[in-house]
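According to this note's numbering, the stretch in the sequence shown is residues 18 to 718, in order.
Mixed in with the good hints, there may be bad ones.
Quick list of the computed label-pair ranges, beta carbon to beta carbon [stated by the list, open to error]: (1) Arg-342 with Ile-302: 31 to 39 Å; (2) Arg-53 with Met-295: 46 to 54 Å; (3) Pro-355 with Asp-287: 17 to 25 Å; (4) Pro-370 with Ala-451: 32 to 40 Å; (5) Asp-575 with Ile-71: 33 to 41 Å; (6) Gly-263 with Pro-355: 54 to 62 Å; (7) Thr-33 with Leu-312: 26 to 34 Å; (8) Asp-660 with Asp-344: 53 to 61 Å; (9) Pro-44 with Pro-274: 34 to 42 Å.
FYI, nobody ran anything at the bench for these hints, they're computed from the structure.
Glycine included, every Cβ here is placed at the ideal spot set by N, Cα and C.
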Amino acid sequence: MVTGGDESSAVHQFVTDTEAEALRADPTVLVSDLYRNQLTELHRLLPPPDDDLIREPGRWVWYPWRRGLLHVLGPRGFRRLRLDRNRHKITEQEAAVLDSAIVGIVGASVGHTVALALAIEGVGHLRIADFDVIETTNLNRLPVSLFELGINKTVATARRIGELDPYVQVECLPSGLRDADQVDTFLAGLDLVVDECDSLDVKVLLRERARSAGLPVLMETSDRGILDVERYDLEPQRPVLHGLVGAITSAELAGLPPVDKAAYALRLVDPSQVSTRMAASAIEIAQTVSSWPQLGGDVFLGGATVAAATRRLLLGPELHSGRVRVDLDGLLNTISSPAVPATPAVGHRAPDPAPPSDPIAAVLNALQRAPSAGNAQPWSVDLTDHRLTIRIDPDRTSLTDIAHRGSAVAVGAALFNARAAAAAHGILGPVTIATDAETGLPAATVCLDGADHAPALAQLYPRVLARETNRHLGDREPISGRILTDLADAAEAEGAGIRILTDRSDIDSAATILAAAERVRFLTDPLHRQMISELRWPGDPDPDRGIDVLGLELAPIDLQMLDVLRRPDVMHTLSELGAGQALGAGAAMRIRSGSAIAVVTTPGTDLADYIRGGQAVERVWTIANAYGISADPTAPPFIYAVDDAETSCMTERFAAELTSLRTRFHRLVGLGPGRGAALILRLGHAAAPSTRSRRTELANT
18 MVTGGDESSA VHQFVTDTEA EALRADPTVL VSDLYRNQLT ELHRLLPPPD
68 DDLIREPGRW VWYPWRRGLL HVLGPRGFRR LRLDRNRHKI TEQEAAVLDS
118 AIVGIVGASV GHTVALALAI EGVGHLRIAD FDVIETTNLN RLPVSLFELG
168 INKTVATARR IGELDPYVQV ECLPSGLRDA DQVDTFLAGL DLVVDECDSL
218 DVKVLLRERA RSAGLPVLME TSDRGILDVE RYDLEPQRPV LHGLVGAITS
268 AELAGLPPVD KAAYALRLVD PSQVSTRMAA SAIEIAQTVS SWPQLGGDVF
318 LGGATVAAAT RRLLLGPELH SGRVRVDLDG LLNTISSPAV PATPAVGHRA
368 PDPAPPSDPI AAVLNALQRA PSAGNAQPWS VDLTDHRLTI RIDPDRTSLT
418 DIAHRGSAVA VGAALFNARA AAAAHGILGP VTIATDAETG LPAATVCLDG
468 ADHAPALAQL YPRVLARETN RHLGDREPIS GRILTDLADA AEAEGAGIRI
518 LTDRSDIDSA ATILAAAERV RFLTDPLHRQ MISELRWPGD PDPDRGIDVL
568 GLELAPIDLQ MLDVLRRPDV MHTLSELGAG QALGAGAAMR IRSGSAIAVV
618 TTPGTDLADY IRGGQAVERV WTIANAYGIS ADPTAPPFIY AVDDAETSCM
668 TERFAAELTS LRTRFHRLVG LGPGRGAALI LRLGHAAAPS TRSRRTELAN
718 T
């Protein structure tokens with residue numbers, strides 16, 4: 018809405034349905050009913066608008082200078098639709114602050130583009146003062162037309178904004194500002210004042226009164242993009258114009274002849290920093306040029322700069338007093354070729370080395386190939402007098418490895434591999450799991466001086482060496498009942514259990530739960546940092562730990578998107594916005610591509626039980642691969658929590674959500690009290706994996 022102006026035709030007006038009907042009957046009135054098309058657009062927004070917004074009545078707007086009548090959405094719906102593309106660079110809460118802000122602009126030449134930029138970005142109330150009218154020489158920098166020559170500059174600005182958004186309140190003061198009383202009236206109720214006037218004594222007067230009123234002042238000077246910020250709201254004793262014009266008052270300036278005022282103006286812009294052509298032009302004023310030159314592009318840049326400063330001042334982060342140059346010409350002098358991103362590599366699967374022939378070396382080699390969360394290999398190995406002891410290494414734990422349960426699963430997998438290799442070489446002896454005196458944690462010991470060939474276990478040895486993670490998407494083809502039975506028998510053979518989901522609706526439910534848990538992992542800063550730290554890019558200095566990104570089997574565009582997903586600042590912003598639903602989409606797609614979801618369960622919740630669960634995981638995984646079934650492990654953040662308190666300890670913001678997800682998942686797979694989940698495996702039929710993650714040599718652990 019526009020108020021003020023020097024003639025009734027300067028302002029647009031909201032009219033009643035009756036008034037609109039009368040105008041529509043006038044053949045000289047251009048009528049455009051935009052309401053239904055805008056309502057259709059409103060319906061398409063994400064998230065969908067609430068019913069109150071959809072039902073909001075439209076408004077008729079009369080533009081006298083155009084003799085045009087428009088039917089548009091109501092104020093809430095119109096602003097929601099027009100500013101939709103501001104999200105998420107401006108949040109809904111920030112948009113509300115901008116909408117309620119009142120910004121005053123003195124000077125409507127450069128101020129025209131400032132006002133337009135502020136209105137475009139969502140500032141809801143503008144107050145503009147300028148006594149001048151549009152002349153032909155203004156058309157090199159003002160986005161107006163020949164039809165507006167002779168019109169007051171504030172009115173032209175208000176018209177342009179009114180045609181953009183009729184709900185922006187624009188107050189016009191076409192008489193300008195000439196004395197302290199007018200300035201005080203102008204400043205009343207403002208949140209911020211922007212100075213774009215030409216008069217130096219008015220500039221000083223404006224700041225004197227703004228300082229008294231505790232108002233911040235912004236000023237943009239087109240040459241080399243100077244932006245001045247004066248935070249009188251925070252610094253009530255701050256000198257006017259940074260002290261660049263000394264202690265002279267506006268009253269003293271007003272009495273000076275033009276040549277003396279010009280000296281102060283030069284001090285303000287710092288002649289040593291003025292662009293070469295502007296400095297040359299200064300010498301030619303009143304000789305070959307009539308006034309200071311200005312370029313339209315520089316003026317538009319000024320509007321954008323002030324808009325950015327206004328956002329920062331009103332919304333944060335803090336904007337300090339001072340001066341900065343947004344010098345595009347200077348920046349263009351620094352132009353250089355951008356770094357060309359590396360083409361995503363293609364996974365190359367090197368042939369597996371032949372296993373050692375020496376029995377002890379073969380056992381250690383098989384142990385080394387055991388899987389672990391994030392390929393952390395959280396074990397230490399001691400071989401003394403043919404006794405092989407595998408301990409949990411507490412230094413390689415993680416946030417999701419609650420009470421070292423995940424590490425215990427990894428130790429169990431390593432133990433199974435060692436047993437299979439020992440059985441195949443005829444040296445398998447007794448196996449014990451007992452508390453280690455050194456760490457206070459359970460440790461597994463295998464005697465390697467026995468003669469137990471354990472035929473069923475020995476037969477799995479070559480399969481253990483071939484076992485691998487396969488993250489390719491599956492084809493959803495069912496797995497035969499015989500194979501599923503063998504997998505269940507494998508878990509039971511190690512004293513554990515298994516829950517296998519094959520119904521598509523159950524798999525979809527699992528996908529929904531695990532995708533939501535993955536989103537929590539992304540949006541919780543410590544969990545996100547840990548997850549990213551586990552990934553290894555080609556050329557990383559420590560390729561033997563962590564997960565090779567090529568093994569994620571991502572499309573090239575998704576692999577490049579990891580450069581966005583690995584940024585903690587992006588995840589923090591998504592968390593603050595309550596957004597990031599797409600972060601779990603990849604996990605959901607992988608889960609849904611599977612033929613079955615297998616949850617290997619532990620017989621209890623002691624660490625020794627998780628070691629047994631780890632042995633079951635490796636046996637199930639090995640047999641699945643032996644049947645040509647791909648296996649992709651999944652360990653949501655809640656997997657090793659045994660109660661709500663442990664679930665909540667990983668994230669404060671998403672504690673309730675993560676707890677609910679854990680409960681839903683346990684209910685889905687029928688996991689009751691007293692049993693834990695060792696690991697979740699997506700099973701299916703898929704192409705061979707591109708690469709295998711490497712392992713650290715045991716001598717280096």
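Hint-by-hint comparison with the structure:
The supplied range of 31 to 39 Å is broken by Arg-342 and Ile-302, whose beta-carbon atoms lie about 23 Å from each other. The hinted range of 46 to 54 Å is satisfied by Arg-53 and Met-295, whose Cβ atoms lie roughly 51 Å apart. Take Pro-355 and Asp-287: their Cβ atoms lie about 33 Å apart, and the range 17 to 25 Å is violated. Distance hint check for Pro-370 and Ala-451: the Cβ-Cβ separation is about 34 Å, which falls inside the suggested range of 32 to 40 Å.
Separated by about 36 Å at the C-beta atoms, Asp-575 and Ile-71 satisfy the suggested range of 33 to 41 Å. Distance hint for Gly-263 and Pro-355: a CB-CB separation of about 46 Å, inconsistent with the stated range 54 to 62 Å. At roughly 45 Å, the beta-carbon separation of Thr-33 and Leu-312 lies outside the given 26 to 34 Å, and the hint is violated. Checked against the hint of 53 to 61 Å, the C-beta distance between Asp-660 and Asp-344 comes to roughly 60 Å, which is consistent with it.
Between Pro-44 and Pro-274, the C-beta spacing of about 59 Å breaks the proposed range 34 to 42 Å.
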